[in-house]
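A.B. asks: Since the structure of chain G is provided, determine the placement of chain H on it from the hints.
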Amino acid sequence: MRHDIVLDGPAFRLRPIADTDAAFVVALRSDPRLNRFLHATPISLDSQLDWLANYYERLGDWYFVLERRCNGVPEGLISLYDLDAYQHNAEWGRWILRPGSLAAVESAWLIYHFAFEQLNLREVYCRTVASNHPVVSFHDSCGITKRTLLPGHFVLDDRLDAVEHRVDEANWAALGPRLKHLSHRMARRIQYDNI
Amino acid sequence: MDHEQIKTTVLSVMSTVLKCEVGEQASRENLPNWDSLKHIEVIFAIEDELNFQFPEDMLPALNSIERIVNAAEILYAA
Chain G
1 MRHDIVLDGP AFRLRPIADT DAAFVVALRS DPRLNRFLHA TPISLDSQLD
51 WLANYYERLG DWYFVLERRC NGVPEGLISL YDLDAYQHNA EWGRWILRPG
101 SLAAVESAWL IYHFAFEQLN LREVYCRTVA SNHPVVSFHD SCGITKRTLL
151 PGHFVLDDRL DAVEHRVDEA NWAALGPRLK HLSHRMARRI QYDNI
Chain H
1001 MDHEQIKTTV LSVMSTVLKC EVGEQASREN LPNWDSLKHI EVIFAIEDEL
1051 NFQFPEDMLP ALNSIERIVN AAEILYAA
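Chains G and H are the protein sequences, given in the same order.
The numbering used here puts the first residue of the first sequence at 1, with every later residue one more than the last.
The numbering used here puts the first residue of the second sequence at 1001, with every later residue one more than the last.
One chain only, chain G, in its complex shape (with noise of 0.2 Å):
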């Protein structure tokens, strides 16, 4: 949906995804670096924009784009959506890096930040298709305990099994000061050699 909210991380920034971004996105989902475990949804720049409005209509769906905060340089996409907003919980997906990017652990504890400290969430989920090894790695590393396969979950060529991270309140508490942790150690170093 559209919306006007701006996370400044200690490095990176999440800012709202506009047109003008169509073409960054559909370079990032042609990637074949990247787009192994995305959805087959068409890529053109015409098809992306018909995406991008039907998506600013959609309600509890925040697309952000992940930029560093020194140059204002794109460095990925991450997005919170199907929010429920009876259970109080929503999924975070839709996440693509450049290649090389260190931006991970910082994308992700904005997004985990933004659910839990300002949408007041109580609980976060994030499916990843079970045999995207290094990115299901990435979300055990956080140190979320509550896993789930979701067998045949995905429908890309073929059904995929998913593997389903929730992370709850008490969750949050644990992994949060951790991922900050590495997020401002990390923004030293890329700060330090920007200057």
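The set of hints was computed from the structure by calculation and includes no laboratory data.
Incorrect hints may have been included.
Straight-line Cα separation of at most 27 Å, DSSO-like style, residue types lysine-lysine; simulated pairs [what the hints assert, rightly or not]:
hint, chain 1, residue 1, chain 2, residue 2
1, H, Lys1007, G, Lys146
2, H, Lys1007, H, Lys1019
3, G, Lys146, G, Lys180
4, G, Lys180, H, Lys1019
None of the values given here were measured: they were computed from a predicted structure.
C.D. replies: For chain H alone, coordinates are given in the frame of chain G:
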């Protein structure tokens, strides 16, 4: 500290952070739990142990034991 000592240190740090046995052929390709969070923990732990800092632009390329050891050797000697 020579090449072998640096390699031993790197392997020890890696095994501790990744909580598994890490051999000198290990890379992010063949070690799935060497994910992007563990990657920065590994890098910070090696820097703390060897008392230097990898340049930012070098970090994404440090995706194998061989590359880390080679880079560490140069930085340690500098």
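A.B. asks: Could you run down the list of hints and mark each one as holding or not?
C.D. replies: Now the hints, each set against the structure:
| no. | hint | result |
| --- | --- | --- |
| 1 | H:Lys1007 with G:Lys146 | violated (36 Å) |
| 2 | H:Lys1007 with H:Lys1019 | holds (17 Å) |
| 3 | G:Lys146 with G:Lys180 | holds (21 Å) |
| 4 | G:Lys180 with H:Lys1019 | holds (22 Å) |
This entry does not satisfy hint 1, going by the numbered hints stated previously; all others are met.
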